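Asks: Listed here are the chains, written in short residue letters.
There are 2 protein chains.
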Amino acid sequence: MNDHSGPDASARAARAAAALGREILADIPLTRAMGLSIVACDSGSLTLAAPLAPNINDKGCAFGGSLASLMTLAGWGLIKLATDARELDCEIYVQDSTIRYLAPVWQDFVAVARLAEGEHFDDFFGAITARGKGRLRVHCTVPLAHGGAAATLEARFVALAKR
Amino acid sequence: MNDHSGPDASARAARAAAALGREILADIPLTRAMGLSIVACDSGSLTLAAPLAPNINDKGCAFGGSLASLMTLAGWGLIKLATDARELDCEIYVQDSTIRYLAPVWQDFVAVARLAEGEHFDDFFGAITARGKGRLRVHCTVPLAHGGAAATLEARFVALAKR
Numbered sequence: 001m002n003d004h005s006g007p008d009a010s011a012r013a014a015r016a017a018a019a020l021g022r023e024i025l026a027d028i029p030l031t032r033a034m035g036l037s038i039v040a041c042d043s044g045s046l047t048l049a050a051p052l053a054p055n056i057n058d059k060g061c062a063f064g065g066s067l068a069s070l071m072t073l074a075g076w077g078l079i080k081l082a083t084d085a086r087e088l089d090c091e092i093y094v095q096d097s098t099i100r101y102l103a104p105v106w107q108d109f110v111a112v113a114r115l116a117e118g119e120h121f122d123d124f125f126g127a128i129t130a131r132g133k134g135r136l137r138v139h140c141t142v143p144l145a146h147g148g149a150a151a152t153l154e155a156r157f158v159a160l161a162k163r
Numbered sequence: 001m002n003d004h005s006g007p008d009a010s011a012r013a014a015r016a017a018a019a020l021g022r023e024i025l026a027d028i029p030l031t032r033a034m035g036l037s038i039v040a041c042d043s044g045s046l047t048l049a050a051p052l053a054p055n056i057n058d059k060g061c062a063f064g065g066s067l068a069s070l071m072t073l074a075g076w077g078l079i080k081l082a083t084d085a086r087e088l089d090c091e092i093y094v095q096d097s098t099i100r101y102l103a104p105v106w107q108d109f110v111a112v113a114r115l116a117e118g119e120h121f122d123d124f125f126g127a128i129t130a131r132g133k134g135r136l137r138v139h140c141t142v143p144l145a146h147g148g149a150a151a152t153l154e155a156r157f158v159a160l161a162k163r
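Chains as they are written, first to last, in our numbering: chain A, 1 to 163; chain B, 1 to 163.
Since the hints were made in silico from the structure, they are not lab data. Note that the structure is predicted; figures quoted are calculated from it, not measured. Among these hints, one or two may not hold up.
[Unchecked claim] Dumping the calculated DSBU-like pairs for lysine-lysine here, alpha-carbon to alpha-carbon at most 30 Å:
#1 B:K59 to A:K162
#2 A:K162 to A:K133
#3 B:K162 to B:K133
#4 B:K133 to A:K59
#5 A:K59 to B:K162
#6 A:K133 to B:K59
Only chain A is shown next, with the shape it has when bound in the complex:
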């Protein structure tokens, strides 16, 4: 979750992601009820996972609120890891999101977050440094086992530098 590559950077990114997973579970009780875990993290994406059982709805498939929560957190975590790696001390908030529920989810699921088309971390870091505030759009999906997406989220986040 930084601009450098190589095995050291990968190990650092994995450690930072594991620490973020512990923070999320400690600070957001609903994520403990969901059984959230961090699966994978690299310089461009963050993947969170949740088991089906604690996240079912009345039909026995994944509850829309659980899909929305996991996708929103994946986007938030992607940005949090990037600002932490740059040692930018910020609060990050979701501003708005559009979610599409495309197919029911009948098994354990993951949410994968990446920056939306045309978005760049460098512009965002520059805005935080210059003006104390940066915005980023993120695209998340809950992939289906055999290709395609069960759900997608487009969300806008704002980071406010702590004074």
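Using the hints, position chain B against chain A.
Replies: Chain B alone, transformed into the frame defined by chain A:
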């Protein structure tokens, strides 16, 4: 949650809403973790509530996933009560939603769902009866204590008649 008015209809609507609350808690485990309850129901709106404590985020205010979940369920419940009152046996799914997070929520909160502007239950019931499928747009808000909204959701739901 039907087309008739008067004290009998109000009592029936309140009983149906209480039964729906029990069903939601029994069928969707995450709503038990959220501490969801049904607050009020009339022919045009459904209000759900949740306490802040189990729904906090890393900043100590309400987690976006909890706001999204409560608003989505309020919309879903509004439609479920209406189809149940008409004895239309349907599965109801959320198809898509747009959520705006306008202000942090620092206390227990409610979500109020109503039909979106221009939407009518009669058209929806007619479509289910004629074609086995109906769509409805719902507008939900999480009101702030002193007016305005902390969050809003516009969502589209589809009801599929069980065969």
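Asks: The structure should be examined with respect to each hint, and the outcome stated for every one.
Replies: Structure-based check of all given hints:
1. With a C-alpha separation of about 12 Å, the suggested pair K59 of chain B and K162 of chain A falls inside the 30 Å cut-off, and the hint holds.
2. Among the hinted pairs, K162 of chain A with K133 of chain A is consistent with the structure: their alpha-carbon atoms are about 10 Å apart, no more than 30 Å.
3. Restraint check: the Cα-Cα separation between K162 of chain B and K133 of chain B comes to about 10 Å, which is no more than 30 Å; the hinted pair holds.
4. Restraint check for K133 of chain B and K59 of chain A: the C-alpha separation of about 17 Å stays at or below 30 Å, so the hint holds.
5. A hinted pair counts as satisfied when its Cα atoms are at most 30 Å apart, and K59 of chain A with K162 of chain B qualifies at roughly 12 Å.
6. At roughly 17 Å between alpha-carbon atoms, K133 of chain A and K59 of chain B fall within 30 Å of each other, so this suggested pair holds.
Comparing the model with each earlier hint shows no violations; every hint is respected.
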